[in-house]
Every structure is written in structure tokens, then in C-alpha cells.
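Here the structure of chain A is known, so what remains is to put chains B, C and D in place on it, guided by the hints.
Residue-level listing of the chains:
Number of protein chains: 4
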Amino acid sequence: MNRVHGYLGRPVSLTGSPVIDLAQPMRRGMPQSPNHPPFRMLLERRHGDHVRDDGGSAANELIVTGGHVGTHVDALAHVSQAGMLHGDVPAASVQNHEGFSRHGIEEFPPYVGRAVFLDVASVHGVPVLPAGYEITVADLQRAQDTAGVDIEAGGAVLLGTGWSRHWDDARVFTGQEGGAPGPGPAAGAWIADHGVRVAGGETIAFEHIAPGRGHAELPVHRMLLVEAGIHIVETMRLTELASARRADFLLVLAPLPLVGATGSPVRPLAVLPDHDTAVPA
Amino acid sequence: MNRVHGYLGRPVSLTGSPVIDLAQPMRRGMPQSPNHPPFRMLLERRHGDHVRDDGGSAANELIVTGGHVGTHVDALAHVSQAGMLHGDVPAASVQNHEGFSRHGIEEFPPYVGRAVFLDVASVHGVPVLPAGYEITVADLQRAQDTAGVDIEAGGAVLLGTGWSRHWDDARVFTGQEGGAPGPGPAAGAWIADHGVRVAGGETIAFEHIAPGRGHAELPVHRMLLVEAGIHIVETMRLTELASARRADFLLVLAPLPLVGATGSPVRPLAVLPDHDTAVPA
Amino acid sequence: MNRVHGYLGRPVSLTGSPVIDLAQPMRRGMPQSPNHPPFRMLLERRHGDHVRDDGGSAANELIVTGGHVGTHVDALAHVSQAGMLHGDVPAASVQNHEGFSRHGIEEFPPYVGRAVFLDVASVHGVPVLPAGYEITVADLQRAQDTAGVDIEAGGAVLLGTGWSRHWDDARVFTGQEGGAPGPGPAAGAWIADHGVRVAGGETIAFEHIAPGRGHAELPVHRMLLVEAGIHIVETMRLTELASARRADFLLVLAPLPLVGATGSPVRPLAVLPDHDTAVPA
Amino acid sequence: MNRVHGYLGRPVSLTGSPVIDLAQPMRRGMPQSPNHPPFRMLLERRHGDHVRDDGGSAANELIVTGGHVGTHVDALAHVSQAGMLHGDVPAASVQNHEGFSRHGIEEFPPYVGRAVFLDVASVHGVPVLPAGYEITVADLQRAQDTAGVDIEAGGAVLLGTGWSRHWDDARVFTGQEGGAPGPGPAAGAWIADHGVRVAGGETIAFEHIAPGRGHAELPVHRMLLVEAGIHIVETMRLTELASARRADFLLVLAPLPLVGATGSPVRPLAVLPDHDTAVPA
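Protein chains in written order, with the numbering used here: chain A, 1 to 281; chain B, 1001 to 1281; chain C, 2001 to 2281; chain D, 3001 to 3281.
Everything labelled a hint here was simulated from the structure, so no lab data went into it.
Each residue gets a CB set at the ideal place from its N, CA and C atoms; glycine is no exception.
A few of these clues could be false.
Claimed, not checked - One-sided excerpt, in silico: chain A residues whose CB lies under 10 Å from chain B:
id, residue
1, His5
2, Gly6
3, Arg45
As the list claims (entries may be wrong) - So the derived label-pair ranges between C-beta atoms look like this:
id, chain 1, residue 1, chain 2, residue 2, range
4, A, Ala92, C, Gly2029, 35 to 41 Å
5, D, Ser3093, B, Val1126, 48 to 54 Å
6, A, Gly229, C, Gly2029, 43 to 49 Å
7, A, Arg52, C, Glu2107, 47 to 53 Å
Okay, chain A solo, but in the shape it has when bound:
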């Protein structure tokens, strides 16, 4: 059975704890990767189209989206290397018109547990890391030391780059031309070595994207999804969390159970219980 991870058995005071929304709002025209179907939500019935005898009326919508659009979780089925998915599953044998029969997003048990926030932008004393900046192992260690927290095996780690602040400028945010900050292979290995279950960030791809490179290579995806079996959360909005200056918190990450899909939009939440009991010494 799926269980809450972390907290070392200490009771926490939840009542009244702040809940921070870690998702970007989903609307037509929001920044997203050009490799995925563009998001579109439109009303079908509007109020007044069909009014029941009792004066009631209902409105509804149709939504077209990709699974990697807005804030989302990558399933292990998302990336293969040399034809193999995580655990040496041949990709060709598990993909068809019904999606993936293995490693689809529905196999990810919703994560409820402790997460550590490594604010790399803060370490550098900037609100946003420069486009194309490669996060290093030294960055991650400094962020961890500053926060005074440990990353637990089976836990979650989120990297702060400040990139969420570019959300309203789709050209910059997508980084198609200018690139985007993120972990390079060394930082990716550091994360994998910590044995986390979930790693997340603010950019569209949890990668260091050099200017002009686009998504030509995605080594950290290979290391996390294929080799280590670690799920990735992308396009998170971490600005409010960064302002709260909390190094760890309760993360709830419950992607839609889209059977056979390679990813799903998600509304991650950070719950900040009373600090003294919540953070292990």
C-alpha cells in the first residue's frame, strides 16, 4: 500500500498550516514545449444554451492537451535509451494504441511525503538563474548546506531556479532560443545517487538547455527516468515556496491516473506544517 514518506514518525501539527500551490495556471497560449500538443480549453455548452424546465442550466468544456503540458509529471514510459525503458523493458513491446502497458503514469503511486527544496537561485543571490546556466554539484551541496536539511532516499527534491518568474513571457520561458537553467549530467548523477523518488523543477525540461540547443539532448532524463527510475516534475511554480524560505515541507503529488500515458498534468501542493516538529533535527 502507498504510504506517507518521511517525517521520522514525529507528529506534525497540520491544522492551519499554509498550503502552497506549486502549479502554473493552465490556459491557451501558456508556454509549453512545441513537441507536445498545445493546450486548449473551450466551453461547449454555456449557460442559456439549454435551460431545464426548472430554470437550471449547466455549462461544460472540452479540453485538448498533451500529457507534458503545464505543470506535469513524467512517467517512466516517457523516455527510452537504446530502445529500453527503465528496468530493461523493451519499449516496442509495451506501446500500442492503448498507450503503455508498463511504466504508464498510472503506475506512479501518488507521492505524499517530505520534500527538500534546494534553492539554487538563492545560493547565487539572484531571483532567476541566467538562461542556459548549468546547475553544478557544488550548487546543490551549497544549497543543501545552507538549508541544513538532508535529502532522504525515497523522498523528493525540488530545485529552485526562479525560472517561474518568466512564465508570462512564453518566448523566454520555453527557452527555444535562449536556453534554460537546469542540472547538467553531474548534478543529475548527484540527484540519482541520493535515491530520491521524485525530482522537480521550474523549467519545461529538467535539464540544462544551452542557448540554441533546444531539446536535442536530454541526458538527465535518461539518468533519472531510464536508469534510476526517478519521476520528474516539470514546469512547477516555485516562487511562492521560495519566498516562504522553507527547506522542507510535505509534498502532495497526485497526477491524473491516465492509463498508459507517458505523463500527466498535475497540481502539486506544498503543505508547511509547524516547522519545529516537521523538520527532523
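Quick look at chains B, C and D alone, frame taken from chain A:
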């Protein structure tokens, strides 16, 4: 700021607490209302379609869905009465090609807090209530008495009908012909009187649907969404929760922030902290 | 270059010639195969949503559909046998996220030329052939003899079953339970032997569908699409054409150039030029 | 009944006549207006996903599109002025969740008849008119004089700008920044005065779009669709027709019968019968 609701300030032990998934899996052909766009997820790129020089490959999908498909939350914009949404907002003035500028699902602050489970099927000693059964106020009171819990203002209440057990039989589950069990107007008023923020159940419509009636009238939607401003969660899977025989628990309900939409698919979670500290006396 | 087929060089009088629409109207809920994405058209912008300074306003829509929905043409890419498309093209080598690089519907040069109508229902003296009736070679020969026309190589042949008359009853029309009339393998071979370029009919599948069989086997698709390279038009509305009692006419068949698709909705037209010059002796 | 228009009763020799495709190919990423849902076609089932016992396999696709995407016809429902559609139909009274109950594209009887091609680019001795060039009445008269043809009431007129040649450069083709050539209000009035049933061109909007203006004003749409009830065809590919140097021809324009839609993709065809009989003296 959004905060955790309930628990009266008592610390709870979260570590290792069971997490129960309250969502139905989303796949083509699953039961849904014929009034809403049918769900369809299909792969676009498969592994091998485009292999990068380094041997990596990514798969992705396109998703078409309605906002009221699978387990989902109704926004206040979903239903109007005599042209008015909740709070006397004229529906016609807030709906356009971008959706609703008021009462869209993005206005619902994700709910993290205590929920009470009233298992009406259990009260009647049956695994599933009969199609078309109208839940009464007496049913709710008996369920509450049996459970020995209080429904708090601002909290959440879920009604167990056992209907989730019909999920694999779309004809029965949708209740187009045979109807579906749910609260009638009196039970709806009882729920509204308790001042909850969220009410949920297992059927497609949180209503008593008499056989052959379809969704001709939806009085409980009017009472909750329009009059009381209470959000409704529908098509929940409550069988595992019912088996756990827990009357209250921590509910996390975080629909996608689909700006302007009348509803959103959701993956609700029930976290069951240590009983003795979690349940108020 | 694509050219008009047939008519043996005789001038025809086009002016004022009747034009008969051979397409079924496309709307939500129309009969279609459950194997294909359901058709849905919904308005996005409505008039009044955004009014320009000059008082002008535009409305538009979003359409979700399959390529084999409504009246449509099957591309040669639609069906394979033992992994091979027409002309011994390995299917696996020409299909990817961009569709088919061979035998997609865009490779079909729009057909403008003579078509022969074989009204099998009329031969049997009934308005509609019974569900599950298998059209025989004798039927086709009798229909041809009655009409007094020849089927030309490179031309088009349409079979009348009267099935269009069931359009308003989706349960009957789709034939999922009761079956549908159409050519069996022998009639399929007869059509293929005539070397036509296009064969069409009124049912969803241009096949004899026995009651309760669904689309478990589609031998005529194999014979026409894979072996003979003949395009198939399905779900045509031929009732008005049947009433006109014309055995041959000018058919215009111009599917959308959906690059890489296995089929396309189409609006076929029958132009009925002056009979004396139009029909070869 | 719908009938072939034009040709003054003269017989034409159709056999072997060239058929020119006037549609742009439809594929992901093709140029289109940002105001409309982007086109996307993707395979659902591929060959091999489900192989029948007899070795047969079928592939299919899902298509998402707008009605004004690729080569398409504008229905009269597309544009309103001061809340009114053509014929003083109040737009608000005929639009709902099922589309338009009046002036939808299904009300356009497919056009089969004579069309006149006015090659304005040729008049100016250029392959393509400059971005933002406004076609004048003098241009149209010169083109008509050069061609030596008359525009008939009830007929069709197509304007050549050469813009099709920019198809492979979406940034230029859409004209969002640089504008696009087309008829200004005076030329629009000239066309309307000729009482045609159909007017078409190569750009996304049949308008003069000044650089940097986008679709802020669409006066010719108002004049043709609202005032005159003339249907507009946009994004046509007229390069091959221009090369053929034929001033008139048989146009077949059969948009999909999308009930209630404001437009439809279309595959228009130009049939070029023997010149001496086809073109009136």
C-alpha cells in the same frame, strides 16, 4: 492564504500513514456522462519514431477530455439557476471564448483538510445501494451516528453508496436507464446546512437519479453549487476507503488549475493518520 | 497530371445539370464506428465574445474527428495484411508520429470522372437490403444488366444498399449487433477484377457484416486496399442518387489532403449531365 | 436543387481534362491563423497494434482542427456586424452548443460551376505581390481585361496574389508581422457588385492586411459575408492554376457538411475542359 482545515490543532503522525487513491482510472471507454466530450488518450510519438544521436527517444500523447470526465470537481461556474451563478453573478456576463472569468475551477483553493465519510451503503448493510435509491436525511444521520464523527463547517463530506463497484459495467454505472443512488433535495439541504466546503460521491452526478430520468433535473447541484457555494466531487472510487472503515481522514483535493473551466479531473487522496490522534473525540 | 476519367471524349452539357450531395451531414452523435475517435464540433468564439471597434465579430469552432468518420475515403495506408501495405510496402517502415510516409490519403489524386451506380436494393425490389445481407456476384451482374452500363477500368463503382435510410437510427446503422449488408469476398473479387480506381457504398464498412460479428474480419478491405490498390468510400448517402435512377454520372471525390492520414472525411458529389450525351451507348 | 452554374449551355469536353488541386496540404505546423485551433493529426492505431486472426491490421488517426484551418470556406455564420449575420439574422439567437442553427457551412450548396481567375500578381509582372499590398479596383479591371473574360452573377472569382509561394515560410505566410496582400474595401465592393456566389484567394484572410495590423479589421469579410452573402475561400493554392494561364475553368468546391460550423476545410478542384468550348466568347 490557503491553509489546512480541521484537526483541531492536534498533532498527527503522518509517517507511514496509508494513502488511499480515491480516483477512478482514466481510459478510453470508461463510464462517463454522454453530455460531456468523451475521454481519449492516444500516443503521438512512440519510442523509435525519432531516435536522437545518443540513442535516446521520447514518447508522448494527446488527450481529449471534458472537465467532468472521470473523477472530477465541479466548479461553481458549472451550474446556474435562472441565469445566475453563485453569489448572484449573471452567468451571461462572465462566460466567453476564454471560459469563465468568475467561478472557474481555478478559483477553488485546493482542499487539504479533514473529511468525513458517511457510508450509507454500510448503514443499509449492502455493498451497493440500489439504482435509483434516494439517500435520506435519516440515512445521513444514522451514518454519522454510527461513525461517531462530526461534520465541521468548512470541511468535506463524502457519501458512500458502493456505486464504484459498477465501474466496469458502463451501462449500469452511467445510470442512463436504471438510475443511480444519491442524495435527494432533503439530503442535499442537510449537507448544505452543515456548511461544508466540499461534498463528494461515487456516481457521475451527485444526485438521486430515478430510473429513466437521466439528468433531467439536478436539484442538489443547484442547492450546493448555486445556493451554498459548495464544490462537488463526482465519480470518486470509495471502495478501498469503505473497506478501511475510517470515518474521517485527511483529504487532499487538488484539481488542475484550468483557467475558466467549469470542472476538472482530479486525483483525490485520503491520508489516514494514526487514528487516536487524528479523530477528535 | 490528374485528369478527368471516362466519357469517351464526348462533350457533355454541364450547365444546369443537377448536383447531388453524396455525403451524410456531420454532427455530434451521428452513427460511426466505435473503433474511431468520435466526431465533435463545438464553437469556440461566439458572436459577441470579442467585438471589434467597428462592430464586427467573428465566430469559430474546434473539431475533433477521426479520418474514418462520416462519409470518408480509405487511404491505402488504412489496412495491411501480414504486415504489408499495398505494393509490398512494409507497414512498420512507413508509419510514425507524422503518420504514413507512403499511401497516406494525400496520395490519392482527387477523382473526377465517370461513376457507375449498381443499385442492388432496387434489383431486389426493396428500399433497403436486410441487415447482414451478403451482396453476391449475381446481384452485381443483374444490377449492371438492368442499368445497361459498363464499368470501366480506372473508373468508379458505387453499390446501392439503401442503408442510408437507417442514418437516423445509430444503433441499426452501425450494425454492431444486427450486421450490415455489403459485398462478400466473391463480390469484392468481381469489383477488383474490373480494375476500378474507386469503390463506394452506404455502410460504415464496405463489407458484408454478419449479425453479431462486428468488424472481426474485413476481407474486402484486404482485397481492395491491399491487393488491388482500390480506394474505398464509406458511409455515403446514396438515397437521392437512387431516386434519380441514373446508372452513371460524373463523380467528384476530393478528400482533404491530410498528409500521412489513413483516411479523410469527404463531400462526394454526383453531377448528372444531360443523359443522352453523358452516357456512352 | 443544386445545379451546375455557368457555361451558357455549351457542351464541354471533359474527358482527359486536367484537374488541378487548389488545396494546401494539411500537416502539423502548417501556417494558420493563431485565432483558430491548431491542426494536429496523429495516428491512434498503427499496423501491428492489433492483428486479426487472418493477419489483417488497420491503422487510424485522430484529427484536431479548426474550421478555418488550411484551405477552407467561410460560412455566412462566421462574421457578424453589430450583432447581425447576413439577412438580418441576430447572431445571438442562432448560436449555441450545437453550433449555428442558421448560416452554418452545411447550408452552402457545394459549388460546381464556372470560375474566373483574376491574376493580379501577373498584372503587376511579379510572382508574388508584396506583403501588405492592397488590391485595387483598377487591378481587378486590368486582370479581367487581360484575361478577356466576364464575371457572371452567381459565379465564382478567385484572385491570384502568388502568396501560395510563401507557404513553406509560416512566419511570412501568416502575415502577423509583415501583413499580406489582398482586396481593400473598394475591391471588395467591386466583387460584391458582380453578384458572385464565391470569392477566393491565397492568403489566410481574404483582406488587405497592412503590416503590423493583424486581423484588427476585416472590412471585406463584412461586405461579402454579412452584406452580400458571398462565401469566401481562403488559403487556396493557386500557383499551379496561375501557371496554366487559364482565365476560367470549372470549379468544384465541396466543403464538409459540418452542421452548424462557421467554416470547413475543403479540397477545391479546378477542371480545365477544352478551352474553345469552355470559355464563352
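How the hints compare with the structure:
The restraint placing His5 of chain A at the interface with chain B holds, with a minimum CB-CB distance near 8 Å, inside the 10 Å limit. A least Cβ separation of about 7 Å between Gly6 of chain A and chain B falls short of the 10 Å threshold, and the interface hint therefore holds. Given the 10 Å rule on beta carbons, the hint for Arg45 of chain A holds: about 8 Å separates it from the nearest Cβ of chain B. Look at Ala92 of chain A against Gly2029 of chain C: about 37 Å separates their beta carbons, and that is inside 35 to 41 Å.
In this structure the hint that Ser3093 of chain D and Val1126 of chain B lie 48 to 54 Å apart at CB holds, the actual value being about 50 Å. Restraint check, Gly229 of chain A to Gly2029 of chain C: a C-beta distance of roughly 44 Å satisfies the suggested window 43 to 49 Å. In this structure, Arg52 of chain A and Glu2107 of chain C meet the distance hint of 47 to 53 Å, their C-beta atoms being roughly 50 Å apart.
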